[in-house]
Structure formats: C-alpha cells, structure tokens
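Student: With the hints as your guide, set chain B onto chain A.
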Amino acid sequence: RKEVEQDPGPFNVPEGATVAFNCTYSNSASQSFFWYRQDCRKEPKLLMSVYSSGNEDGRFTAQLNRASQYISLLIRDSKLSDSATYLCVVSSGSARQLTFGSGTQLTVLP
Amino acid sequence: GAVVSQHPSRVICKSGTSVKIECRSLDFQATTMFWYRQFPKQSLMLMATSNEGSKATYEQGVEKDKFLINHASLTLSTLTVTSAHPEDSSFYICSARLGALYNEQFFGPGTRLTVL
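Taken in order, these protein sequences are the chains called A and B. So that you can map any letter, position 72 of the first sequence is 72 in the numbering used here, and since no number is skipped, the others follow by simple counting. So that you can map any letter, position 55 of the second sequence is 55 in the numbering used here, and since no number is skipped, the others follow by simple counting.
Certain hints may be false.
Stated by the list, open to error - With a Cα cut of at most 25 Å, we get these calculated DMTMM-like pairs of lysine to aspartate or glutamate:
hint, chain 1, residue 1, chain 2, residue 2
1, B, Lys20, B, Glu63
2, A, Lys45, B, Asp65
3, B, Lys20, B, Asp65
4, B, Lys55, B, Asp27
5, A, Lys2, B, Glu52
6, B, Lys41, A, Asp7
7, A, Lys2, B, Asp88
8, A, Lys45, B, Asp27
9, A, Lys45, B, Glu22
10, B, Lys20, B, Glu87
11, A, Lys42, B, Glu59
12, A, Lys2, B, Glu104
13, B, Lys66, B, Asp88
14, A, Lys45, B, Glu104
15, A, Lys42, B, Asp88
16, A, Lys42, B, Glu87
17, B, Lys41, A, Glu3
18, A, Lys79, B, Asp27
19, A, Lys2, B, Glu87
20, A, Lys42, B, Asp27
21, B, Lys64, A, Glu3
22, B, Lys64, B, Glu87
23, B, Lys41, A, Asp39
24, B, Lys41, A, Glu5
25, A, Lys42, B, Glu22
26, B, Lys41, A, Asp82
27, A, Lys2, B, Glu63
28, B, Lys41, B, Asp27
29, A, Lys42, A, Glu5
30, A, Lys79, A, Glu15
31, A, Lys42, B, Glu104
32, A, Lys79, A, Asp39
33, A, Lys45, A, Asp82
Hints in this document: simulated from the structure, not taken from any laboratory.
Extracted from the complex, chain A is given alone in its bound form:
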C-alpha cells in the first residue's frame, strides 16, 4: 500500500466549476499535511498547509481528518490557471521528510 494515495484523475472541469480532491495516508504518526501544485515540467509549489480545524485560502479549502487519515482539497469557481497536478503531501519522521502522493491532474476547460 502506498504511503499517500490520491485519485490520479484526470479531472476535466469547465471554468467556474467546483472540484474536490481526496487523499489518504497510511502513517498515523504523520505530523503535517500539505497540498502542493505542480505545473508541467516544473518544481512543486506549496499551495496550502492543512489543519485539523480546516482552513481556507480564497477559493481553496483544505480539510484534515486524522481519525480517518484523510485529507481533502476543494477548489471553488475554478479558473483556467488552476490547471495543474495537485500533490497531497505528508510530513513525518524526525527529519520531517515529505512523502508525496502521485498527484491528481486537473484541467480547467474554457
């Protein structure tokens, strides 16, 4: 079983749509959780951290359920520029190493 599992997609949605991504992780001792986005042939960039209380940044809302070891990302009113691969990332261990999910590809269509 992979440490971090995501639906690979692809998700093709029209502009303005709401889209949700899900992720599960296997290490119950994981400490921190993130969503990164990666554009084609570029490095990943931090989108937002994820907290148990849930957090929102503009059109993006992230949720964490530690009991279920489940993380989600909701994108509202999607824009063409949201097209990217979204990576669910979990931090664990004394060195706080990051473990990346395989990513979910999103294409927002005009």
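Tutor: Frame of chain A, contents of chain B only:
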C-alpha cells in the same frame, strides 16, 4: 519567500559519465536539504536527506556510491550522479528547509537529466 536555485537546469550526457547538480539556498541558510527524483508521470520520490557537515541519509533502494551528496556549507548541497546510465534519466529536484523547527520546504526549479 525563500529562494532555492539549481544548476544546471538541463543536462544531456553520454552513458558512463558523471554529472554534478548544485542546489543553493540564495537568501537563507539551510541546515537540511533534500534530493528528490521524479520519473515521467510519477510523483517525487525522496532520494536522500542532506545535513550540513555530515553524511547524507539515503532512502532505501538509493545507492549512496552512485548518488554522491555533499553538503559542504549552509547554502550549498551537490548531487553527483556517477557513471550515469540511461535509466538514471529523470527530473532531479532539491529542496531546502529553514531549520529543524520548520515544516515547509522550498524547492529548486529542478534539473532534467538525459543520459544517452
């Protein structure tokens, strides 16, 4: 935000040669840097954790004699792919962390290695 650079951005080499990739933190000191590899349509896989002034810690399955890591200063870590083969062709990305108490890693732009 903190900036991490990598050099070169792209390299093409013949099989059997060695390739050195540099990772620099430009505006902060990084006690810990990480090296990742990403194959096409796959996610980033951690190769090793590099600590300034000490030996790198390699992930299971990563050959330390093939992927030499040197973290000689607080702003520079290097990865040398020795005797490169076509199967080593990949996107190599480094990241740096501000300090032990910080979770966020800042990523370099990556180095695309093609071994012919």
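Student: Against each hint, give a clear statement of whether it holds in the structure.
Tutor: Each hint tested on the structure:
1. B/Lys20 <-> B/Glu63: holds (16 Å)
2. A/Lys45 <-> B/Asp65: Outside the cut-off at roughly 30 Å; violated.
3. B/Lys20 <-> B/Asp65: This hinted pair holds, its Cα atoms lying about 14 Å apart.
4. B/Lys55 <-> B/Asp27: Roughly 24 Å separates the two Cα atoms, so the pair holds.
5. A/Lys2 <-> B/Glu52: This hinted pair is violated, its Cα atoms lying about 30 Å apart.
6. B/Lys41 <-> A/Asp7: Judged against 25 Å, a Cα distance of about 13 Å means the pair holds.
7. A/Lys2 <-> B/Asp88: The given pair, whose Cα atoms are some 23 Å apart, holds under the 25 Å limit.
8. A/Lys45 <-> B/Asp27: holds (18 Å)
9. A/Lys45 <-> B/Glu22: holds (20 Å)
10. B/Lys20 <-> B/Glu87: holds (17 Å)
11. A/Lys42 <-> B/Glu59: holds (23 Å)
12. A/Lys2 <-> B/Glu104: holds (22 Å)
13. B/Lys66 <-> B/Asp88: Holds, because 10 Å separates the two Cα atoms, which is no more than 25 Å.
14. A/Lys45 <-> B/Glu104: With a Cα-Cα distance of about 10 Å, the restraint between A/Lys45 and B/Glu104 holds, given a limit of 25 Å.
15. A/Lys42 <-> B/Asp88: Answer holds: A/Lys42 to B/Asp88 is near 19 Å, not above 25 Å.
16. A/Lys42 <-> B/Glu87: holds (21 Å)
17. B/Lys41 <-> A/Glu3: Distance of about 18 Å is within 25 Å: holds.
18. A/Lys79 <-> B/Asp27: violated (32 Å)
19. A/Lys2 <-> B/Glu87: holds (23 Å)
20. A/Lys42 <-> B/Asp27: The hint holds at about 21 Å.
21. B/Lys64 <-> A/Glu3: holds (23 Å)
22. B/Lys64 <-> B/Glu87: holds (16 Å)
23. B/Lys41 <-> A/Asp39: With Cα atoms ~12 Å apart, B/Lys41 and A/Asp39 stay inside 25 Å; holds.
24. B/Lys41 <-> A/Glu5: Since the Cα atoms of B/Lys41 and A/Glu5 sit roughly 15 Å apart, the hinted pair holds (cutoff 25 Å).
25. A/Lys42 <-> B/Glu22: Cα-Cα ~17 Å, so holds.
26. B/Lys41 <-> A/Asp82: Distance ~19 Å between B/Lys41 and A/Asp82 Cα, so the pair holds.
27. A/Lys2 <-> B/Glu63: This hinted pair holds, its Cα atoms lying about 22 Å apart.
28. B/Lys41 <-> B/Asp27: violated (32 Å)
29. A/Lys42 <-> A/Glu5: Satisfied, since the Cα-Cα distance of roughly 21 Å is no more than 25 Å.
30. A/Lys79 <-> A/Glu15: Judged against 25 Å, a Cα distance of about 5 Å means the pair holds.
31. A/Lys42 <-> B/Glu104: holds (18 Å)
32. A/Lys79 <-> A/Asp39: holds (14 Å)
33. A/Lys45 <-> A/Asp82: Given that 25 Å is the threshold and the Cα spacing comes to 13 Å, the pair holds.
Violated hints for the displayed structure, listed by number in ascending order: 2, 5, 18 and 28.
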